[in-house]
Every structure is written in structure tokens, then in C-alpha cells.
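Peer 1: Given next are the chains, with one letter for each unit.
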Amino acid sequence: MEEMIGFHYPNERIYWSFMIVLYPYITGLVAGSFITSSLYHVFDVRALRPVARMSLLAALCFLAFATMPLLLHLGHPERAFNIMITPNRSSAMAGFGFIYVAFAMMVVAELWFDYRADLIRWGNEIERGSLIRRIYRMLALGTTDLSVEAVAVDQKAVRLLAAIGIPAACILTGYVGFIFGSIKANHWWSTELMPIIFILSAIVSGIAILTLMYMFLAVRGAVPYDGECVRALARHLWFFLIVDVTIEGLEFLNMGYKGVEGWTLIRALIFERLFPSLIIVQFLLGSIVPLLLLWLVLQRRIAFGAGRVLVAISCVLVLVQVFAMRWNVVIGGQILSKSLRGFLPLHVDFLGREGVLLGLVVLALPFVLFALIARFFPPWESHDSASAHASG
Amino acid sequence: MSNPRASRGCAPHRHTDRREFMKITARTVAAGVVSYSLSLRIPKLAKGTALESGPSADAFEEHFCNFIVNTTKCIGCGSCVRACRNENHVPGGYYRTWIERYTESEDHELFVDSPGGGENGFMSAPRMKGRNPKAFFVPKLCNQCEKPACTQVCPVSATYYTDGGVVLVDKDRCMGCGYCVQACPYEARYVDHAAGTVDKCTWCYHRITRGLPPACVLTCPTGARSFTTHVEGETCAACELLKSERYDVLKEELGTDPQVYYLGFNREVR
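From first to last, the protein sequence lines are chains B and A. Here our numbering is used: the first sequence runs in plain steps of one and ends on residue 1374. Here our numbering is used: the second sequence runs in plain steps of one and ends on residue 876.
Here chain A stands alone, though its shape is the one from the complex (with noise of 0.2 angstroms):
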């Protein structure tokens, strides 16, 4: 069986003329280019295909997940606004993720934004008449709550806890009341009034069952946003790593229990 890779190599020598040297330059830098380009998705890729050793589909259930926020690294980029749009279709002026910045002064003057759910980043400073502010970036999210309060009041069950850990919205069974959006503390809920259902942030729930990460880890560029998952007696770095370092949740007082740990932040952040 002959080699076509050998045989092709094995090709008498041609003489290249000028007309076809140029051919041959623009065909390898739109080669180079193209090459570039999808080696930037490399990365995302493999990080992607690295989990899907992890849980399967079926499987999912029996796995804990862990959503871990390291505030200290988030730059307010707003990719992962983006990629969680893209991914999910929400619609224009509502959020499953969004990005906050806090923004306080030598003198505790404290400013809170988040200009378009911080989607195209924060392109300016805050006007503020304190010194020397300090700033820093909390990205939100559905802290898929272990006691969640907008499972506790739909009252049709549209909206439920499972046993992976995600809280979800059956829109074939929601009516549209609103009741979860007002009882959740953290506002990561909203109507979407075109369907007249409910939507959240599921983690991405499409994905994470599939093994792979939820689209605003995926596109973080300075791995602010970590998810990982586990099974029980499984060594888990995202356990080691809360283990080891200091972190909180958002408005444990509330008795939600809510399952995204932060690292970093103040206590002006809620």
C-alpha cells in the first residue's frame, strides 16, 4: 500500500516562479492567521475537554459542584456577561451574571455600579469626591442556594432544587407570578416577559452535565470564576483550595445557604 504523505513527498521539484512564490506567502499567513485564531480557542477547548473525564450526564446527580469567585482577579472585562448571553440567549437588559464594582475612598465614601450589568466593562471611573479610592469587581451570579428561597415559594414547583446542586425553571410550568424573583436576596432572577416565564443562571446546567465548564469560566481570561466537580471521598482542589484560604458567601444571614464562595472580598459587598 503505497504512502500518499511519503509519495506526495517523493514529488519531483518544481521550479517556483515569483506569481506563485506570492501564492504561496499569502496562502501560509492566511494559514498563520487562521492557525492563531484557533489556537486562542485551544486553550478554552482543552480546559472544556479536561472535564469531560469528570461527570457525565447520567451521572451528574451524584456529583458536588463548586462555584469558586476569586474576586481579587476579576478585571471587570465583562466576557463572562457576554459569553453568558451568547450562550443562553437572555435577552437585552437582563442578567444571569453580571458584574459589580466597588469603589471606595481614603474617607469611606463607598460607590456601587454595575453600568449595563457591567457587559461591556467599566470604560470609566466613578465621580466621587473621597481620596484615593480603591476599586474592585464582584461578579454575581445564581448561588444555587442549598436553601433556596424561590424553591420554598413557587407555588406551582416550576422552579426546583436537584440533586446535583442547581436550582432550574421548568418554563412548561411556570405561570409567570414572580414570586421566586421577589424572594430571592440576590436579584439573579428576572421575568423574561416575552415568555412569560422566569429565568436564572443554571450554571450553565447544559454544559456542567455534559462535563464542561459553564461559558463565563470558560471565557475568563484571568480565572476569576473557577468550577469544578466532584464525587463524595474525591480528592477536590476546590475544597483544598476553600480550606486554605478565606472566603464568604453573600447574605449568609439569610438562611440560604447560598453555594458560590467568594475570595477576597469586603464587607461593604452584598
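Extracted from the complex, chain B is given alone in its bound form (with noise of 0.2 angstroms):
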């Protein structure tokens, strides 16, 4: 037996940091806003209705920021949009820019849609003159018509584009995964689950925030509290962890079992290396106990007022599970040598252009555009709007 004494090459490093962690945290939040604003759109969960249209503004938050992190971490980020202008078409990275560029249309049209009726109506209710009443005149593209029939083809529009959102929500955060998982050098990385890893934890990501920021909202009285919609999250939450958590353990069951190449080592990563982040953050902390707290608020074992702060809870685990779980994979990828004989220490700068501070502050931005956006639009619909829904 060869006795595994810790070496690494030369020119290896973790070159991928803190920003390349925040790149997927980031498109994982798009992915997941966006499919819970399709639950309500495209398969009718009609208690998420209060979320729906702040889903999608949430999604058109982070994906303004999702690329931002990348920049932050190209040596030459001037050069950025080569990507679209001389795409390798060989390269799973090339095609970042189109599926960015084409969800961010899709998403931006869908809220469009979602709006115009309100637009019209808020430029109809502010005195003439004013700079946000051309503001809203101008953002609704010229349009007056108000009538059902016109509010019925934005709502078939919302719907249709919620529809195709959906699989193009999974290939903008699967393709992530797949810009990982392609890497067949990289034993940790190289699996095919890594995609569905990649959009289940998406989803999971998206819900909880959605849920928080509902609660937040609800807390701060910008909204009215609907106990249904946020007992709709959670169930939501707790069947995706539940295939989300499944799929990550197949993942290193499949590894273990089979005792790929390096499964020795590979073992030590997760048991030693990573077991602060991935044995108690990722699975205990962020996946099991989450799972038993939504099960405890599900199956109403307690009270409502302890249920809100349980799923409160639960949601801000696994915000911190699918964070842990996308650092796993970056920066655990890159510990474990490619030699296959050791790994790398960790070291992660805490200020610099990739430092934790300015990762922090990038991760801060969405929810600052958020608030901007939603003072002046907000996404909460009015009840004038609300009724037009239900006729529409």
C-alpha cells in the first residue's frame, strides 16, 4: 500500500477564491427567485401569489449582479466581452454571456408584462409633470390600454414566458455546475450530478430567500402577512431539500462505493479537510436540521408563532447550506491535489479585489437594488391590481 504523505505540484494553488464561490451563490439565487415565481405562474400555486412578482424582481437583482464576482476575479476584466465576441465555441464557459444575456431578456420582458398595468396606473395617478409619472409613462412603452382584455394577454405573456424561464432558469445554474463538473482533471469536480446538484440547490436557495425577505417585509408592515403563502414556500423548501440533500449524498455514496481513483484521499477531504464545512455546516447544520424543523412546522407539531421563527430558521440554514455546499465544491476542488497525493492549504484573503469584504458587499448589493427598485415599483400589488388578477 502507498501511504499518502501530502504532496502537491509545484504551480498548484486555489486560484479560484472567494469570488468564483459567489458566482454560483449568486446564479443559484437568479435560478431559484425565478422558479418560484414560475410555481405561481406556470403550475398554479396560488398561495404564492403574494411572492410571485417579487420573486422576479428579486431574480432581475441578483442576475444584475451575478457577474460581478467574475469580473472582480479576471486578470483582465476589460476583456470580458470577448467572451460573446470571440466565443470559443469549444468551451463550456463561452457560452456564459448568450444564456446570461438571453435569461436576463426573458426575465426583464416577464416583469415588463407583470407591471405594465401598474405602470399605467401609477403614471395615471401622480399630477402631470412630475419626473416619475414620465418615469412610469416611459417604462410602459407608450401603452394606455387598461382593459381586461389587455391585462389577459399580459397576464397569457407572464405565463408563457414563466414557462420557458424555467428550463432556461436550470441551464443558466446547471450550466454553472456543468462548467465544474466538465473539468474530468478535477476528481471532486468531475461527476455528472453536478448540473442537478447545481439547480436543486438553486431552487432551494431561491425559495429561502424569497421566504425571508417575504418575512422581512411582512415585519417591516410593507406587507401584509398571508400565512398560507408562507406555509407554500416552506412545503416547497422542504421537498426540494428533501431531492436536493438525496441527490447530494448519491453523489458521495456513488464515490464511496464504487472507490474511484483517489477515494482514499478524496476521503480524507471530506471527513478532515472539509468536515467543518461539509460534515456539520452542509449536512447536519444546513440540511438535516432544516429537514426536521420545516417537517415540525409541515405536520403542525407546534404552535403557528414558533412555526413562523422555525421556518425563519430553516430558511437562513439552508441559505448557509447551499453557500457551504458551493464553497465545497470551489475551494474543496482545489485543496485536493490533482496529483492525487495531498492537498493544498487554504488560504482565503479576507480584503483585495477577491477578498471576503468586497465579496460580502457584492453579496449586499442585490438587496440594496431590491429596496431601490421596489420603493419606486413596488412589487407587492396594490388591491385595484390584485382584483385584476383575479378577474384576469
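Please keep in mind that the hints were generated in silico from the structure rather than gathered at the bench. All figures in this text were calculated on a predicted structure; none of them were measured in a lab. A few of these clues could be false.
[To be verified] In silico SDA-like pairs for lysine to any residue, Cα to Cα no more than 25 angstroms straight-line:
1) B:K1166 with A:G861
2) A:K777 with B:T1049
3) A:K735 with B:G1324
4) A:K857 with A:H714
5) B:K1240 with A:G861
6) B:K1166 with A:Y700
7) B:K1138 with B:A1091
8) A:K679 with A:A731
9) A:K777 with B:L1056
10) B:K1166 with A:N872
11) A:K857 with A:T768
12) A:K753 with B:S1164
[Said to hold, decoys possible] Computed footprint of chain A on chain B, listed as stretches where at least three residues anywhere in the stretch have a Cβ under 8 angstroms from a Cβ of chain A:
13) 992-1000
14) 1051-1058
15) 1159-1170
16) 1270-1284
17) 1320-1328
Just so you know, even glycine gets a beta-carbon here, dropped at the ideal spot from N, CA and C.
Both chains are sitting in their own frames, so use the hints and assemble them into the complex.
Peer 2: See the structure below:
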């Protein structure tokens, strides 16, 4: 038997650092938020209506900053557009620009149809000559039709875009998983399950963040608290979390059972080097605990008030779980030497262009944007538009 | 026309005093030292010039390159790593080529190391519990794969496969995403953070296209590395060697079709 002593090739470094952990995390939030809105628009989960438009707007806000970690990571960010101007068709990464732009256009179009009637209404309600009135009218692109038929057309368009958007969102985040999964040189990344795991974890992170945002807005009094809506979100979170954790577990089982090349080292990676972030945070705290808490809440085994708190705790834990999962994939895959003879020392910068501090700022920016947009274009429905929805 | 050499030879004999004798002796010794040190370089220059009769820069792409590493000849002196750094201005801490040492004891305890990429040789023996260890060195460099994972993943085609069989990086196009670094199974690439781009071994493309051998080949004192080129149909010493000797490539199972052929290494080498 060969004894495993730490060796890594002299050029090996953790080149993809904190920003590349953030990139799939934010992209996952985009896809998850979009799919949450589609649960209402396409799958008719009526209880989710209070968060439907908010989900779509959140998807846009996350999307606006999804590329920022990448740009901060690139050695030559000024050449980033070459990915679309002179793409290498054989590169998995080259598709990102096109998928990103196509998805962004779809989200903007869906938001426009969703907001159109409100834009006209808001424009009409404000006194003539004000700037905001002009902005509302401009964004309505000259349309003024508020008839039931016109609103029905809007709803049809939203439904259509939401339906097309589901596979598009899955492609957006599954593709990020493919970027990692297709690296055959890396034994930790190279698995066919990677895109599926990315899609599922994206969905759970999206539902979790929206549940928290909705609860926060309800506490702030911006929206009325709808218990059924939170319960529906918790139910979907629970379901997708079960599938997500199962598939993630299957991936490890698959590697261990087959005893893939380098399994001795991979086992040491799981149970030693990544023990705190993978076993403790991702598996126990981020997966098992929220699964149990959500089960308690959904089986109505606890009081309603405490249930709200438990749902909120579960959502926070799920968001931490998904972040830990991204961390364990991106960093874990680089700690494991390609020589399969040892590990690299873990080093993460706090300051600097790719540091944790700037990463946290990037992570906060979508919420700032959301708050700004929501101030002028509230994504929660007015009573009038709610009745229009009902009739549509 | 007078012959200057002849006229110098016909110059009247001069008396040499002790002071002048000492001057002449000092000059002779100095000239000897210079000549000797130059002579050390002569075989290398001869190697280089011999190859100049090979490919011209323009016709290089019609040639096939053969890079063979005979691990049984490598003594781990690190000359190749130092030569490469000087020739290609490789930033400190990174390597276009490096040397790994594999030490295996009688009871199969294995120790692999590459202190400083082997640039300054291997000054100390590895600490091992096992008995009677055997050791060998393995020089590593870019394999210039025929199906390179790096060129496949580069999103902007900044790294590309040339007709001459060498994989290059266009530093004016590279955006420094590092995807190729992740994709390379051999870790032959690194991100040059000062330049914001990726760099790698090119088998000294600027030399081989002029018929000169790569710096590491030129410097290797034991001939552990050999580089030759040939055109289709031409007899090739390297091809003959590969016909008669047993050889292997690194990580063949990944399907990258690496083009550096290794003679005489164990299964432990990855």
C-alpha cells in the first residue's frame, strides 16, 4: 500500500477563490427566485401569489450582480466581452454570456408584462409634470390600455415567459454546475451529478431567500403577512431540500461505493479537511436540521407563531447550506491536489479584490437594488391590480 | 599583398625580460581560463547550430516534434528549471518545468516531493521510515497534448493548438479566468498575477521555430531530455527510439493524448 503523504504540484494554487464561490451562489439565487415565481405563474400554486412578482424582481436584482464576482476575479476584466465577441465554441464557459443575456432579456420582458398595467395606473395617479410620472409612462412604452382583455394578454405573456424561463433558469444554473462537472482533471468536480445538484440547490436557495425577504417585509409592514403563502413556500422548500440532500448524498455514496481513483484522499477531504464546512455546516446544520424543523412546522406539531420562527431559521440554515455547498465544491476541488497525493493549504484573503469583505459587499448589492426598485415600483400588488389579476 | 600574419611571424626576435615574461604568463593564463569557460558552452552551441539545419521558422508547422524524457538519466540537478526560468522570465514560485522526486522504500512507503520545483536540486534525503528506499527523478513540463483540455475550455480561444503541435497562449487575448489552469491535468499552467494572464511551457517555441533546442534540453547535463523535429517520411532518431524502448505518457486515461514520452518510470508517477 502506498502511504499518502502530502504532495501537490508546484504550480497548484487556489486560483478560484471567494469570488468564484459567490458566482454560482448568486446565479443560484437568480434561478431559484425565478423558478419560485414560475411556481405561481405556471404551476398555479395560488398561495404563492404574494411573492410571485417579488420573486421575479429579486431574480432581476440578483442577475444584475451575478457577473460582478467574475469581473472582480478576471485578470483582464476589460476583455470580458470577448467571451461574446470571439467565443470559443468548444468552451463550456463561452456560453455564459449568451445564456446570461438571453435569460436577462426574458426576465425583463416578463417583469414588463407583469408591471405594465401598474405602470400605467401609477402614471395616471400622479400629477402631471412630475418626473416620476414621465418615468412610469416611458417604462410603459406608450401603452395605455387597461382593459380586461389587455391585462389578460399581459397575463398570458407572463405565463408563457415564466414557462420558457423554467428550463432557461435550469440551464443558467445547471450550466454553472457543468463548468465544474466537465473538468475531468479534477476528481472532486468531475461528476455527472454536478449540474443537477446545482439546479436543486439553486431552487432551495431561491425559495429560502424569498421566504426570508417576504417575512422581513411583513415584519416591516410593507406587505400583509399571509400565513398560507409562507406555508406554501416552506412546503416547497422542504420538498426540494429532500431531493437536493438526497442527490448530494448519492454523489458521495457513488464515489465511495465505487472507490473511485483517489478515493482514499477524497475520503480524507470529506472527513478531515472539509469536515467543518461539509459535514457540520452543509450536512448537519444546513440539511438535517432544516429538514427536521420544516417537518415539524408542516406537520403542524408546533404552535403557529413558533412555526414562523422555525421557518425563518430553516431558511437561514438552508442559505448557509447552499453557500457551504458552493464553498466545498469550489475550494474543496482546489484543495485536493490533482496529483492525488496530498492537499493544498487553505488560504482565503479577507481584503483585496477577491477578498471576503468585497464579496460580502457584492452579496449585499442585490438587496440594495431591490430596495431601491421596490420603492418606486412596489412588487407587491395594490388592491386594484389584485382584483384585475383575479378577474384575469 | 603582404600577409600580416606572415609579417608578424617574420618580426625580429625581441629579448624578454622577467617583467614581460610575467605579463605574458598572466595573459596566457587569463586567455586559457576564458577559452576553457567558452569551451564549456561550445557543445551547447554546437547542439543548437546542428538543429538549425532542421526547420526554419516559416516551415516549422510542417514538422513533427518529439520530446522524450529519460527519467533514468535525470539526476535532479535542477539546471533545466533554472535555464527555463532565465530563458522565459518565469515569475518566482511558478514553473514552466519542474522536477519531482519519487522515493519508495522496500515496504512500499512512497514519498513524493519537489522542493522549490527542484530548481536548486534535492539537497536532503527524504525522511522515511521504510527500509532501503529507491529514488528516481521525473522532470515535468507541458505535454503539448494533441487533444488539450486547456484549449477546449478557454472561453476566448486565447490558448490554441498550433500546426506544429505546440499549445500556446496569446497574452493579448487571455482574460485570466484560469479555466485552462483548472482543466490542465498536469498543472503545467499558472496564472501570472502580475500580467493578469496565464502562462505555460511552450517547449521554447521562440527557439524551436529557429531550429534551436528548448533551453531545458540544451542545459540538461545528462541528456535526460531530448527534443527533435522531423518532417513526414523522414527518418527520425526519436521515432526509432520509441520503436525500440518501452515508454509511457502521463495520465493517458484522461484522453488528452500527451506528447511528452517518458522512458523508465514507475506506475506511481502521475
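Peer 1: Can you list which hints this structure breaks, lowest number first?
Peer 2: As far as the earlier hints go, only 16 is violated by this structure.
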